[in-house]
Amino acid sequence: MASVSLRNVTKIYGEDTVALDDVSFDVDQGEFVVILGPSGAGKSTLLRILNGLTRPTEGRIEIGDEQVGGKRDEVAMVFQLHYLVESMSAYRNALTGALGRTGWLRSVLTWYDESDKRGALDALDTVGLLDEAGQRAGSMSGGQKQRVGIARALVQEPELLLADEPVSSLDPKAARDVMGYMKRAADERNLTTVASLHQVNIAREFGDRFIGIREGSVVFDGGPDELTMDVMDDLYYGGDAGEGQPRESISGRLEEDRESAPETSDTEVQA
Amino acid sequence: MSQVDEKLSELSRRRRIHQGLKLLLGVVVVLVFWLGFFEYLHFDFEAMTKQLPTWLEFLGAFTNPNFVDFSTWSIENGVTGWSGLVGTIGYAITHPEAGYDMLSATFGGQRQSTLLGLAGTTVIIGLCGTILGFPFALIFGILGSERVVPFPFNFIFRGTMSLIRSVPALVWIFIYVPLVGINPVGAVLAIGTDTIGILGRLFTDELEEIDDGPIEAIRSTGGNRTQIVSFGMLSQVSTAFIAWTLYSLEINVRVAVSLGIVGAGGLGRYIAIKRSLFDFGVMAAGIMMIVIVVLTVELTSTRIRAWLRPGQHESPGLLDLLRGLGDPGKWLGMRPSPDVGPADGDGDEKTAVDPDESAGGGLVGSDSDDADGEPRS
Numbered sequence: 001m002a003s004v005s006l007r008n009v010t011k012i013y014g015e016d017t018v019a020l021d022d023v024s025f026d027v028d029q030g031e032f033v034v035i036l037g038p039s040g041a042g043k044s045t046l047l048r049i050l051n052g053l054t055r056p057t058e059g060r061i062e063i064g065d066e067q068v069g070g071k072r073d074e075v076a077m078v079f080q081l082h083y084l085v086e087s088m089s090a091y092r093n094a095l096t097g098a099l100g101r102t103g104w105l106r107s108v109l110t111w112y113d114e115s116d117k118r119g120a121l122d123a124l125d126t127v128g129l130l131d132e133a134g135q136r137a138g139s140m141s142g143g144q145k146q147r148v149g150i151a152r153a154l155v156q157e158p159e160l161l162l163a164d165e166p167v168s169s170l171d172p173k174a175a176r177d178v179m180g181y182m183k184r185a186a187d188e189r190n191l192t193t194v195a196s197l198h199q200v201n202i203a204r205e206f207g208d209r210f211i212g213i214r215e216g217s218v219v220f221d222g223g224p225d226e227l228t229m230d231v232m233d234d235l236y237y238g239g240d241a242g243e244g245q246p247r248e249s250i251s252g253r254l255e256e257d258r259e260s261a262p263e264t265s266d267t268e269v270q271a
Numbered sequence: 001m002s003q004v005d006e007k008l009s010e011l012s013r014r015r016r017i018h019q020g021l022k023l024l025l026g027v028v029v030v031l032v033f034w035l036g037f038f039e040y041l042h043f044d045f046e047a048m049t050k051q052l053p054t055w056l057e058f059l060g061a062f063t064n065p066n067f068v069d070f071s072t073w074s075i076e077n078g079v080t081g082w083s084g085l086v087g088t089i090g091y092a093i094t095h096p097e098a099g100y101d102m103l104s105a106t107f108g109g110q111r112q113s114t115l116l117g118l119a120g121t122t123v124i125i126g127l128c129g130t131i132l133g134f135p136f137a138l139i140f141g142i143l144g145s146e147r148v149v150p151f152p153f154n155f156i157f158r159g160t161m162s163l164i165r166s167v168p169a170l171v172w173i174f175i176y177v178p179l180v181g182i183n184p185v186g187a188v189l190a191i192g193t194d195t196i197g198i199l200g201r202l203f204t205d206e207l208e209e210i211d212d213g214p215i216e217a218i219r220s221t222g223g224n225r226t227q228i229v230s231f232g233m234l235s236q237v238s239t240a241f242i243a244w245t246l247y248s249l250e251i252n253v254r255v256a257v258s259l260g261i262v263g264a265g266g267l268g269r270y271i272a273i274k275r276s277l278f279d280f281g282v283m284a285a286g287i288m289m290i291v292i293v294v295l296t297v298e299l300t301s302t303r304i305r306a307w308l309r310p311g312q313h314e315s316p317g318l319l320d321l322l323r324g325l326g327d328p329g330k331w332l333g334m335r336p337s338p339d340v341g342p343a344d345g346d347g348d349e350k351t352a353v354d355p356d357e358s359a360g361g362g363l364v365g366s367d368s369d370d371a372d373g374e375p376r377s
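Taken in order, these protein sequences are the chains called A and B.
With this note's numbering, letter number 116 in the first sequence gets 116, and the count goes up by one each step, no holes.
With this note's numbering, letter number 32 in the second sequence gets 32, and the count goes up by one each step, no holes.
Hints are computed from structural coordinates only; laboratory data are not their basis.
Predicted, not measured: the structure shown is a model, and the values here were computed from it.
Please note: incorrect hints may appear among the correct ones.
What the hints assert, rightly or not - From the derived model, a few chain A residues whose C-beta atoms are all more than 10 Å from chain B:
(1) TYR13
(2) ASP16
(3) VAL33
(4) ASP65
(5) LEU84
(6) ARG101
(7) ARG152
(8) ARG189
(9) GLY223
(10) ASP234
What the hints assert, rightly or not - Here are some of the chain A residues that sit facing chain B, going by a computed Cβ distance under 7 Å:
(11) ASN51
(12) THR54
(13) SER107
(14) LEU109
(15) VAL200
(16) VAL231
Backbone N, C-alpha and C define an ideal beta-carbon position, used for all residues, glycine too.
For reference, chain A alone in the conformation it holds in the complex:
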């Protein structure tokens, strides 16, 4: 039984702006799927539809056994710019993941359940920020903030974890750290994860499976071994590799990415 199932999902903005065109695929329980594609391909729309923040024009989405109609508490999202409340500590930000099951008054008075408090600290431990739990989010680095964003998503106890370009604003080292923590959290909790990424090399490093989207349609679906340079050319440039040196550009980016990655990291993920 697939954990996530999309059938003929189409999203049209306004009269004729097609963001997604008849997209269908399944994601198995515990699978780490990376969505690749150029800007404007429809990656963010796909994730927002999975999260219930946007409704599809047509099609059917099932998460577990349930059909997605509106927003679901079981789907957690890690955003590109973390979107933390900067005046609150990392711990209190992580605790906001429990809002869906906490009454308004209790949440305002920070009377969360003991299990949620422990869950928040567990999640911060998972992303390597237990010691920084009391630190104000606004004073944290971009990488740390993004890890708090992951912790908040974990506290939600989701069935499905979504990440919309979670490391696009980070340098390669911080990006690898953040992706490492996310992968570790997903593996530990057997979470189904769907993440959109721009960094091809990082995607290859952490993804189990890759779905390529171009102009709203799925043009590739396969494992790391199948993600060849030709596939990338086709995905980003429509196979038009002869013009504008796209192949060199991609190769260059991959090489640059590889060179800038440190051999050992100060904040290496504890496996």
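We have chain A; now place chain B onto it with these hints.
Only chain B this time, still in chain A's reference frame:
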């Protein structure tokens, strides 16, 4: 003529037009001032010149203000001039027990006749007015924001605040005359009402400027409408709300002085009475007392706002605040805040943002994303 020459000529022409308009604006401003001040308001330079010696005599009183009414001790002992102020402080230090009794009487039964007691009345009027107005300002401010209450329903609250603001506190006190009379209680009601209009508007404006990101994040966690408002919206502006409230307190203490002049009590009333008696030395002492009170409130408020600045932790603690109050270097802003320091991990540096210099216009800003020194796509 080449395209570059054409563009240059066009830009020069535009610049000449702009300069011409600026000159015209300058002429209009001078004309408005001339007509308004000299023709409409009938400014009489000759009459002012005749009054100049009297004014200089009054200003001279500031060199030797008469603090005879400073405390019960200065009144009972007839101690005049600066000695009234300095002597009271010296007496309180050298005679702690009697000094305590003296201060109790000054702020107690005889507070209406001593400068210290009247200063206390002025501060308490401003403080109580702010406390009274704050909850209503909060409710109206939140409900006036289009992000919380959809248009046009939010205009019910915005309109109410505009209506309140259109009447100054000096007029509100007269509106409350039939209810409580012109006294400190009326002043508190007037300031409280004024605070609803002004502080509520500032709260609404703050809420209009917040980021959508945290709101979407809270929505995605499954938070309900009230949780989205509390965590996604109010959490972003809570520090700014407190800072604006403290700023409002500073303004309200000044307003309390003005209300005193029309009879509401406190230092304002003292000055009004002494002015009518042409007792310039005592009046100068009253004005100096106002300066001392207003500056003290302002500096305390500034220190508290500095304490609220984004730091490494949610709050550095009350003890740090109290230590800061006793540190003259901090009062004058001569020492860096201990909160400023590098953040751990990921090689980024934390930058504390001076709230008064933040581009957001709020009194207390929040850390900018750019401060992380990381690329943003």
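Cross-check of the supplied hints:
no.	hint	verdict
1	TYR13	holds (18 Å)
2	ASP16	holds (26 Å)
3	VAL33	holds (19 Å)
4	ASP65	holds (19 Å)
5	LEU84	violated (7 Å)
6	ARG101	violated (7 Å)
7	ARG152	violated (7 Å)
8	ARG189	holds (17 Å)
9	GLY223	holds (27 Å)
10	ASP234	holds (24 Å)
11	ASN51	holds (6 Å)
12	THR54	violated (11 Å)
13	SER107	holds (6 Å)
14	LEU109	violated (11 Å)
15	VAL200	violated (15 Å)
16	VAL231	violated (23 Å)
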